[in-house]
Amino acid sequence: PLRETVLAERKRVLIAMGLGMLGIGLLLHGMLRQVLTKPFHEMVQTAKAITHGETALRFPENRADEFGFLARFINKALDFVTLKQQELQEALEKVRESEARLMAEKTLIEVTLHSIGDAVITTDATGRLQYLNPMAEKLTGKQLDEVRGRTVKDVLQLIDEDHRRPVESSVDV
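Counting in my numbering, the sequence shown runs from 3 upward without gaps.
Worth flagging that the hints you see were computed from the coordinates, not collected in a lab.
Take the hints with a grain of salt, since some may be wrong.
Said to hold, decoys possible - Cβ-Cβ distance ranges computed for the label pairs, FRET-style:
| hint | residue 1 | residue 2 | range |
| --- | --- | --- | --- |
| 1 | E92 | Q145 | 38 to 44 Å |
| 2 | L104 | L59 | 36 to 42 Å |
| 3 | G32 | T84 | 34 to 40 Å |
To be verified - List of simulated lysine-lysine pairs, DSS-like, C-alpha gap at most 27 Å:
| hint | residue 1 | residue 2 |
| --- | --- | --- |
| 4 | K155 | K140 |
| 5 | K108 | K140 |
| 6 | K108 | K96 |
| 7 | K50 | K86 |
| 8 | K86 | K96 |
| 9 | K144 | K108 |
| 10 | K144 | K155 |
| 11 | K40 | K78 |
| 12 | K50 | K40 |
| 13 | K78 | K50 |
Beta carbons: idealized from backbone N, C-alpha and C, even for Gly.
Sequences are here, hints too, so could you generate the full structure?
Structure, rendered in structure tokens:
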């Protein structure tokens with residue numbers, strides 16, 4: 003009977019220790035879930051929402067631990083990126099408006115140059131032809147598409163009206 007009593011007591015002690023350990027394990031699990039898993043899960047959910055277009059969403063900053071620090075840091079970075087995106091959008095809109103104005107001015111200039119009765123030839127800084135109006139095309143006998151990018155001396159020969167000798171183009175000098 004003593005041996006059986008000792009075995010039964012050991013069994014009760016081991017069961018009590020096992021139940022105590024299980025309780026401690028469950029308590030630790032709950033604490034870790036609250037302290038680590040839940041904040042991670044919330045941050046992941048917020049990050050997913052932001053990547054799916056909810057750009058105004060921010061991470062909760064109310065914690066005083068590392069999660070709060072990370073949330074504040076990431077939120078500042080998101081605010082900075084959002085500000086830069088807005089600035090970029092505004093700059094892009096200004097560029098588009100400027101481009102539209104330039105295209106309107108270019109169209110007006112082209113219409114004006116086409117209606118001038120004198121020959122008009124334009125070149126770039128290297129003396130290569132960029133534009134001939136219709137009168138210049140008529141006088142040279144060449145179409146703009148044929149001569150664009152060529153030099154003036156390749157397209158027309160200038161003659162001194164008094165001496166009837168070739169003259170060097172001032173564009174080529």
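Going down the list of hints, with the structure as the test:
1. The given range of 38 to 44 Å is respected by E92 and Q145, whose C-beta atoms sit roughly 43 Å from each other.
2. In this structure, L104 and L59 meet the distance hint of 36 to 42 Å, their C-beta atoms being roughly 39 Å apart.
3. The hint said 34 to 40 Å for the Cβ distance between G32 and T84, and at roughly 37 Å that hint holds.
4. For the suggested pair K155 and K140, the alpha carbons sit about 17 Å apart, so the restraint of at most 27 Å is met.
5. For the hint pairing K108 with K140, the CA-to-CA distance comes to about 22 Å; that is within 27 Å, so the pair holds.
6. At roughly 18 Å between alpha-carbon atoms, K108 and K96 fall within 27 Å of each other, so this suggested pair holds.
7. Distance hint between K50 and K86 is fulfilled; the C-alpha atoms sit about 21 Å from each other, no more than 27 Å.
8. Pair hint K86 plus K96 holds up; C-alpha atoms about 15 Å apart against a cutoff of 27 Å.
9. Between K144 and K108 the alpha-carbon distance is near 23 Å, which keeps this suggested pair within the 27 Å criterion.
10. Taking the CA atoms of K144 and K155, the gap is near 13 Å; set against the 27 Å cutoff, the hint holds.
11. Only pairs whose Cα atoms come within 27 Å are accepted, and K40 paired with K78 is accepted, the gap being roughly 22 Å.
12. Our distance criterion of 27 Å between C-alpha atoms is met by K50 and K40, whose separation comes to about 15 Å.
13. Distance restraint check for K78 and K50: the Cα-Cα separation of roughly 18 Å lies within the 27 Å cut-off, and the hinted pair is therefore satisfied.
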